[in-house]
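> Sequence:
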Amino acid sequence: MSALFCSLETLFKYAKTTDDLNKLIAGLQKISRCCEGIKQGLSLGDIVNDPQNRKSLVSLFDKQLPQALLAIANYSLQDQTQASSVLNKGIRAHRGSYLYRALGGWKQFQITLVCTIVDDDGRFDVRLINAASRSDWERMQDLPAGTLVSVYLKTVKGEGTLAQESSALERVIELLDAVQFIPDEKPEFKPEQKAARTRQNVHNRSNGVSIDMTTPVYSFDVKVNKLDTFVHAGNANLIARVIRQYPGQVTMTVIRENIEKVTVNSDSIWAASIRNGETIRYEFFGPQPPHEDFVKELAQATNKYTQMDKVG
Numbered sequence: 013m014s015a016l017f018c019s020l021e022t023l024f025k026y027a028k029t030t031d032d033l034n035k036l037i038a039g040l041q042k043i044s045r046c047c048e049g050i051k052q053g054l055s056l057g058d059i060v061n062d063p064q065n066r067k068s069l070v071s072l073f074d075k076q077l078p079q080a081l082l083a084i085a086n087y088s089l090q091d092q093t094q095a096s097s098v099l100n101k102g103i104r105a106h107r108g109s110y111l112y113r114a115l116g117g118w119k120q121f122q123i124t125l126v127c128t129i130v131d132d133d134g135r136f137d138v139r140l141i142n143a144a145s146r147s148d149w150e151r152m153q154d155l156p157a158g159t160l161v162s163v164y165l166k167t168v169k170g171e172g173t174l175a176q177e178s179s180a181l182e183r184v185i186e187l188l189d190a191v192q193f194i195p196d197e198k199p200e201f202k203p204e205q206k207a208a209r210t211r212q213n214v215h216n217r218s219n220g221v222s223i224d225m226t227t228p229v230y231s232f233d234v235k236v237n238k239l240d241t242f243v244h245a246g247n248a249n250l251i252a253r254v255i256r257q258y259p260g261q262v263t264m265t266v267i268r269e270n271i272e273k274v275t276v277n278s279d280s281i282w283a284a285s286i287r288n289g290e291t292i293r294y295e296f297f298g299p300q301p302p303h304e305d306f307v308k309e310l311a312q313a314t315n316k317y318t319q320m321d322k323v324g
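In this note's numbering, the protein residues as written are 13 to 324.
Please keep in mind that the hints were generated in silico from the structure rather than gathered at the bench. You may find that some hints are simply not true.
Stated by the list, open to error - Each pair of labels, with its calculated beta carbon distance range:
| no. | residue 1 | residue 2 | range |
| --- | --- | --- | --- |
| 1 | F232 | F193 | 22 to 32 angstroms |
| 2 | F232 | A105 | 30 to 40 angstroms |
| 3 | N34 | V168 | 29 to 39 angstroms |
| 4 | E48 | F193 | 33 to 43 angstroms |
| 5 | R104 | E182 | 18 to 28 angstroms |
| 6 | Q120 | S97 | 19 to 29 angstroms |
Note that beta-carbon positions come from the ideal geometry of N, C-alpha and C, so glycine has one too.
With the sequences and hints as input, model every part of the structure.
This is the structure:
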């Protein structure tokens, strides 16, 4: 009974008129409908980011929309396994496509990210992302340093245990931590240089020396055999870092149904979505690779298990 009196006391404090009461009822109904949608298997990110639903929420809550979104998330996702992380460096918007490739295929789980951003004046914004939604990641805006990301996860296929869900959450947090520190790849040449425009699949370290690109001086194949499904950003950065040691030019080709040349930088390597079982061919033009360990290092970088790998 005391809880009821406390609730009524709060009600009288914030709903002093019939108008206020009607708005409060409408708000509670919105929260209740979101909770029902979650019970039916919908993603909260899909619910609140739907254009019509978003318009309705903005109309109802106006400037208090961020607080309302937090309340909706707290009520509707409270039964899911949850972990939080504060972004130290922030995540640039263009990394959304990579996060989608890393998380979008997790069919066993439904994952919702609730991002709370507070500016220097104390104003805050709340954004919800369905990890499996391509459109959510594509329209993701920069998440600045200091953003609190709360990750909610539940099993939707099979019978997941709490240990499995906790392990998956750890991987998501590791991914968010790691993606903040992936350097933006700088082009080897200025845009006006012809070589950069005409041979974008070539990594050039020749310093202006003419190199015969007709026949490679050395080539080798690496079959992708990872614990993960894809070559992800961790591997892409390792590959690009090793190749930068070579003083000539390197081409990288993915042997699949349609042979695909890949630009040798970390962004493009990841974007190629190189899958388990596919073969990568490295071809070297210029001097011989410096030593046998260099070739081994490049092969290991291709298949190395990194913290960017996802739950299998």
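> Does each hint hold? Answer for all of them.
Consistency of the hints with the structure:
1. F232 <-> F193: 22 to 32 angstroms: 30 angstroms, holds
2. F232 <-> A105: 30 to 40 angstroms: 37 angstroms, holds
3. N34 <-> V168: 29 to 39 angstroms: Between N34 and V168, where Cβ atoms are some 36 angstroms apart, the hint holds.
4. E48 <-> F193: 33 to 43 angstroms: Once the Cβ atoms are compared, 40 angstroms apart, the range 33 to 43 angstroms for F193 and E48 holds.
5. R104 <-> E182: 18 to 28 angstroms: 23 angstroms, holds
6. Q120 <-> S97: 19 to 29 angstroms: Holds, since Q120 and S97 (Cβ atoms, about 21 angstroms apart) stay within the stated range.
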